[in-house]
Amino acid sequence: MTPSANGPGSAGSRAAEIFPVLARWFLGGMFLYMGLSKALHPVEFLKLVRQYDLLQHHLLLNFVSSTLPWFEIFCGLLLLLGVAVRGAAVMLVAMLVPFTLAVLFRALEIHGAGNIAFCAIKFDCGCGAGEVLICRKLAENILLTGLSGALIFWRTHRLCLRNSLSRMPSSATTSN
Amino acid sequence: MRMAKTVVVEALAVAALGVAFALAANALSPRGLQLNRNYFPQAAGSSLAATPATNSTVMTAATGATHTPSAAAQRLQQRGLQLVTSNQVAELFRDPRYEQGLVVFIDARDDQHYTAGHIPGAWQFYHYRADDYLPAVLPACMAALQIVVYCAGGECEDSEFATIMLRDAGVPRETLFVYVGGITEWKANGLPVETGPRRSGQLLPTTP
Chain B
37 MTPSANGPGS
47 AGSRAAEIFP
57 VLARWFLGGM
67 FLYMGLSKAL
77 HPVEFLKLVR
87 QYDLLQHHLL
97 LNFVSSTLPW
107 FEIFCGLLLL
117 LGVAVRGAAV
127 MLVAMLVPFT
137 LAVLFRALEI
147 HGAGNIAFCA
157 IKFDCGCGAG
167 EVLICRKLAE
177 NILLTGLSGA
187 LIFWRTHRLC
197 LRNSLSRMPS
207 SATTSN
Chain L
20 MRMAKTVVVE
30 ALAVAALGVA
40 FALAANALSP
50 RGLQLNRNYF
60 PQAAGSSLAA
70 TPATNSTVMT
80 AATGATHTPS
90 AAAQRLQQRG
100 LQLVTSNQVA
110 ELFRDPRYEQ
120 GLVVFIDARD
130 DQHYTAGHIP
140 GAWQFYHYRA
150 DDYLPAVLPA
160 CMAALQIVVY
170 CAGGECEDSE
180 FATIMLRDAG
190 VPRETLFVYV
200 GGITEWKANG
210 LPVETGPRRS
220 GQLLPTTP
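If you read the sequences in order, they're chains B and L.
Take any residue in the first sequence, count from 1 to its spot, add 36: that is its number in our numbering.
Take any residue in the second sequence, count from 1 to its spot, add 19: that is its number in our numbering.
Bear in mind the hints are in silico, worked out from the structure with no lab data behind them.
Possibly wrong hints are sitting among the right ones.
[What the hints assert, rightly or not] A short, non-exhaustive set of chain B residues, derived as facing chain L with CB atoms under 8 Å:
no.	residue
1	R86
2	S102
3	L197
4	S200
By construction, the Cβ of each residue, glycine as well, lies at the ideal position given by its N, Cα and C atoms.
Working from the sequences, and respecting the hints, build out all of it.
Laid out in structure tokens, this is it:
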């Protein structure tokens, strides 16, 4: 790369600064929307969580169904505002990975039960977007997990209220 | 290493604050769930679930026609719930005791579906918000000799949970019956459907 290409005003440099912000806003917006759509219809979400048959005790089922949508809203707001970005991104990964596996196993179960092509399987996975084609949902979740993972490592303070709860000296080097 | 530790600590802080926020939001939300309530009573080892299938009852159809129970009907029978067929439900609807309140229909679906169309005169009992409906529904059920509980039909389980909840609220078990076919079968049979609130008098045109 030429020095001009890496200069402060170059297109590559600007893209490197803007992309993490866009990714953060995209993730924040997605989680805010998905969380709200579940929080506004908690009974429907409760029924969908029950379908996974992973939580046997009603206390656990109620706890997950009632807190998860609001937790997603909380993390979405943190990302949109740029507060505790890496901590919120870790929580997104912690939600997305087990949920994606649960969706995958449920789809495999349906696939095994009937003669239906895997990518033709469609059901309401409780993601907040109604019935979805499962291959598309899995691809979407992999993308969201990848972006969340990237947010953990990207260190940019651009348009963040408080990027980190702690004041790390190393992060100040990339602050804008 | 230090950065990893910082990120983990921050994630734990987000988790703790997020859970606190979520619990508070759920408690304040008018649509919030009650954490200690079992919304699916049979799943927690209800006494009905332990009732042998031989104790179950299917009302004998006046026509004497044989009835092959669906998977849902078989499941309900195994849980000791009494069932009614579509013929029996139609007869109960025309029974003079219905107007006297001795036969009661209970719609176990949510507001949106109930308002869109229910069996004329049916009470709504959306068991997920039991406290909102029980004060009106319970006296009607206690006075009735036969209570038919239904939901959408097919794989819908809400009629089953509503029946168990009514039984647990003190309604005599022998008066409670589940209509497995639900509103879908009712409509398919060309029977009248009322829209809006109970006893609105607004009937949808029947399509036999």
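Verification of the hints:
1. At about 6 Å, the closest approach between the beta carbon of B/R86 and any beta carbon in chain L falls short of 8 Å, and the interface hint on this residue holds.
2. Against a cut-off of 8 Å between C-beta atoms, the interface hint on B/S102 holds, since the closest Cβ of chain L lies about 4 Å away.
3. This hint is violated: B/L197 has a C-beta 14 Å from the nearest C-beta of chain L, more than the 8 Å allowed.
4. The beta carbon of B/S200 comes within 7 Å of a beta carbon in chain L, closer than 8 Å, and the hint placing it at the interface holds.
The structure fails to meet hint 3 from the earlier list, while all remaining hints are met.
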